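*Asks:* Protein chains in written order, with this note's numbering: chain A, 4 to 479; chain B, 401 to 601.
Among the hints, a few may not be true.
The list that follows gives simulated cross-link-like pairs (lysine to aspartate or glutamate, EDC-like), each with its CA atoms no further than 20 Å apart [to be verified]:
#: 1; chain 1: A; residue 1: Lys171; chain 2: B; residue 2: Glu582
#: 2; chain 1: A; residue 1: Lys172; chain 2: A; residue 2: Asp284
#: 3; chain 1: B; residue 1: Lys583; chain 2: A; residue 2: Asp284
#: 4; chain 1: B; residue 1: Lys431; chain 2: A; residue 2: Glu50
#: 5; chain 1: B; residue 1: Lys583; chain 2: A; residue 2: Asp28
#: 6; chain 1: B; residue 1: Lys535; chain 2: B; residue 2: Glu546
#: 7; chain 1: B; residue 1: Lys403; chain 2: B; residue 2: Glu542
#: 8; chain 1: A; residue 1: Lys174; chain 2: B; residue 2: Asp561
Just so you know, these hints were derived from the structure itself, not from any lab. Every value quoted in this text rests on a predicted model; they were computed, and no experiment measured them.
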Amino acid sequence: MSPTNSPKTLYDKIWNAHVAHEADDGTCLLYIDRHLVHEVTSPQAFEGLRMTNRPVRAPDKTIAVPDHNVPTTLDRANAATMTEDSRIQVEALDKNAKDFGIHYYPVSDVRQGIVHIVGPEQGWTLPGMTVVCGDSHTATHGAFGALAHGIGTSEVEHVLATQTLIQKKSKNMKVEITGKLRPGVTAKDITLSVIGETGTAGGTGYVIEYCGEAIRDLSMEGRMTVCNMAIEGGARAGLIAPDEKTFEYCMGRPHAPKGAQWEAALAWWKTLYSDDDAHWDKIITLKGEDIAPVVTWGTSPEDVLPITANVPAASDFEGGKVGAAQRSLEYMGLTAGMPLTDVEIDTVFIGSCTNGRIEDLRAAAAILKGKKIKEGMRAMIVPGSGLVRAQAEEEGLADIFIDAGFEWRLAGCSMCLAMNPDQLAPGERCAATSNRNFEGRQGRGGRTHLMSPAMAAAAAITGKLTDVRDLMGESA
Amino acid sequence: MNKFTTLSGIAAPMPLINIDTDMIIPKQFLKTIKRSGLGVNLFDEMRYDDDRNEIPDFVLNKPQYRDAQILVAGDNFGCGSSREHAPWAIADFGITCIIAPSYADIFYNNCFKNGILPIVLPQEQVDVLMKDAEKGANARIEVDLESQTITSSDGDVFTFDVDPFKKHCLMNGLDDIGLTMEKEASINAFEAAATQSRPWV
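Okay, chain B solo, but in the shape it has when bound (with noise of 0.2 Å):
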């Protein structure tokens, strides 16, 4: 998996709420049995029309936001399926951090499983992110995942929580199935201990 330590980058400004992931990634492109390449499908509906040109007011089609690696967004984003394509499309697409009030639970755990910084900020603080964002391609913001803070164009810093556990693989871009085996011994006792107490499992 990809490290996630620091990172300055143009911000898109998505001011919707329960951004979910039909959405995010269509469910035509879930075909695939690859996780690479979704990029270009990300938020297909909203981005092509009918004849798959390029519809010019969506945010990502904006020319000083096409190579946004930030994404600001309302209220639930991620909402709706399981689907990993959602973070793989996001990932694919060059966005490595996403700003918003709240997610839905399972897009949130896929995001630190693929490199992407899910951060969560109250409303307002959202707000002035958003603002921030709407300038353009001139206003950078600057996330730093070790002291936990999102510097805006403007100066103001704000600070996030995180995980501890998700923010020390995130940083070193460790592997959770990897980190897991290490406890297998646990895994075994809990096993046999199971077998004895719910053997119909």
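Isolated chain A (complex conformation) (with noise of 0.2 Å):
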């Protein structure tokens, strides 16, 4: 531990409010607020605190929601929309958390929807926490400066049993833009920029801090679509530092404090930023100005290119990449040279953890007004939670999707991952607001390319990938 007068980051300051121990070697037990819980990592976790009569030590702290598995087709409350396999892992969730007493929102619940949109909805995340799940997206909350991060099911287990989790600590990174992003530019732009920057391994060792005007000028949902994706850039956990618009977004959620709690809570919360002189082990610098709406080509999230580029040559790369680039044209079923706007997709998904907020379906249907989707296109928008629901149908904008001819679905992690019916078939090709274009991650087969909500609004209409700037008019 660094002393306690030398400058900090704000990596360095939750970290050291949170070390319950610390052995000689540096590994420590690092205390956890919150640990959040779904339904795919964490059976095999209770399981063992069965077999070890261990109870949930912190169940207050504890919250657990099905996200992954669930039906989004309205008809879900038939069972019979779901296969025995999802239904006895929901089912099991729903035992664990009652028999360990946890805080638990069914299927049923309106507040039910993607663990990482549900946790700060609720005012579960708050600043300068310890937030851990069983789930790489974990990162996500990151946007409120709380240090989140996925972990394994042992260590689900670990932190059920004993509320801290055994780490050593990362090194810090900052990665900054700066200035201000251009019209059509969105937050999914810079987080897959610079992962296309800094490769899906850049980040491995490191927290990451973002920072920079373009990053302050973002809304609470665009940060942690920021912060969503520091996973896939392989770090440890991104973070934002708090301010007036983390704390407004805090303020009066179920879970937050009030009255003199909330003073307290504000009072500390100011004090999280990292310090002028502090230490970073790297820095990364992107203006927000060259930030350019972009698409990903290939089966890593780091292949990204502005949507004005060509299909790269495997030839481009080297070493290593050259192979994976070659074996990612061949996935994708695309050929070197040709205009990204060339490519013709067939599906739309808009949704996940990373754009299933309502900010993301605002600006879906800011293109997709009195528009209609290319015919024969498979679309759906899939909302990160009841809640964000509830809020699109009352802000008029679930009408826009239906009437423009998207289906408009109930909150669930959906076609991200394609553990529910939401699946492409081989050779189908999707513009995804998701995180990953892992070859079969959206469906045996299926081809992905990720991109900002708006952005796959644009291609929903033309079917193309598509540079939205061009259905802007004016405006851009």
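Starting from the two chains in their separate frames, assemble the complex, guided by the hints.
*Replies:* What follows is the structure, given as structure tokens:
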């Protein structure tokens, strides 16, 4: 641990506030403030507790919600819409939540949704906290200045039993996005562009703090999108220092502090920033105005290009990336040199913990208003939570989507990882607002292009990868 | 947890970078509520065709690698999701050591919880062992965790780094939760202090 009077990063400060024990070799027990749980990575952990007669140490800090497996069609109350093995997992979570006395939002609850959308929405996620979940996109919560990262199932069991995690400290990386974004460029374009710059292993061993004017200008929803994909850059976590926007978002949420406790919390939260002369092990700087609307062309999230570019050739790369690019091009069925805007798509998926929040739906609706999706296009919008869905209906967004020809779904992870019935068939090509374009991610043989909600909406209208700025009229 | 001390085994070459957890164990196999039995689905979409027939070209389907205990792979192995089903599938297949230039963070940690030793070596040393692995079943690679060495079938010896605490746990098959429980007094003290200083948590 660094001396108490030396300059610190935000990560240093949160880390120091949570070390419950430090061994001579620097291995720490990090105390966990919030443990989020979903149905896929937890059954074996609860089974482990039962086998060893251990209780959940802090059930009041443990929050569970089923999201990965749940169908998102309107008839999902009918159990027959779920496969047998999915149903078993969801029922196991129902039972584990009840038996161990943890907070729970079942499928039937309007607050149910993707765990990383529900946590902030309900005020469970607050600045300065440590947040873990058996899910790599736990990085999302870093948008609040919370140290948040994914863990494996053995670690889920460890946190359930001890409320701590065995950790060694990561290094500090600063990712600064200076200046202003141009019209049509969003938080998703920032986070994909950073991964395009650093590669998917560029953040390995680091906790990233995103800063700079373009980050400060983002809403909380946009900041969550940026931090969400810190993991695709290989980082343990992504962080953004809390500010007035953060405090405003948190205030009044069901599980946020109230009254005198709010004031006490706020006083501490305002100390959560990186000191001017803090030490950074690595610094990356991008100019906001240089970031374009981007899409991925390959099967790694680092395969990022501006929509105005052409499909690259394997020979454009070096080392192990040559073979990987060749494999990607074959899998994706793309020819080197073709304009990305010539790539035809047949499916559009708007949703996920990356882009399933209200602002994402507003961005899609702004493009889709009064338009129709291309004939034959399969397009779905899956809100991140029941409350996001309700808000979108209240704002009239749902009508815009339905009129355009989109399916308007119930909340869940859906086609981001295709564990529920929402999947791509072999050879189908999807414009997706989710976070991974791995081989088979959205269904065996399925082809995924990652992009922002506005870009996905534009693709739904034209049937091709499209520069959203071409559909934005004079505002672009 | 199974101990890992020494291993003399067949190494399977997978000269691909960014081997992700969706490749290692596709999502349709995450619906289990058990930890065992996933080995048959390891690398499922690379290993079987649409009719569930083995794809003969895939390395683990080749006769000389069916009993591989070591995997030699490219950069950023295990990137992607936190699913511990990935190391469960690898261990269930019988592979207990991976050699690569780098790993994704969560996957790397998950290995140590499941008796798997993920070894990091510089690219040029991985290249030597990759060539060794390509020789097939006659080329056994020796791994000794105590001395932190790998010996190729040609007698090249490489040393590797490993965190002393992780090494200790792996060599003795120790249960993390049991070890942490020994420090319960520290956790209680931290919790009591935190309740005072950050009561809203």
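*Asks:* Straight-line Cα separation of Lys172/A and Asp284/A no greater than 20 Å?
*Replies:* holds (13 Å)
*Asks:* Can the restraint linking Lys583/B and Asp28/A be considered satisfied, given a maximum Cα separation of 20 Å?
*Replies:* Between Lys583/B and Asp28/A the Cα gap is close to 16 Å, so the pair holds against 20 Å.
*Asks:* Has the given pair, Lys431/B with Glu50/A, been kept, meaning a C-alpha gap of at most 20 Å?
*Replies:* It holds: about 15 Å lies between the C-alpha atoms, which stays within 20 Å.
*Asks:* Keeping to a limit of 20 Å between CA atoms, is the pair of Lys171/A and Glu582/B held or broken?
*Replies:* holds (19 Å)
*Asks:* Below or equal to 20 Å on CA atoms is what counts here, so check Lys535/B against Glu546/B.
*Replies:* violated (27 Å)
*Asks:* Could you grab the alpha-carbon distance between Lys583/B and Asp284/A and see if it respects the 20 Å cut-off?
*Replies:* violated (32 Å)
*Asks:* Would you check the hint for Lys174/A and Asp561/B, treating anything up to 20 Å between C-alpha atoms as holding?
*Replies:* holds (18 Å)
*Asks:* Quick one, are Lys403/B and Glu542/B close enough, alpha carbons at most 20 Å?
*Replies:* holds (16 Å)
Of the numbered hints stated above, those contradicted by the structure are hints 3 and 6, listed in ascending order.
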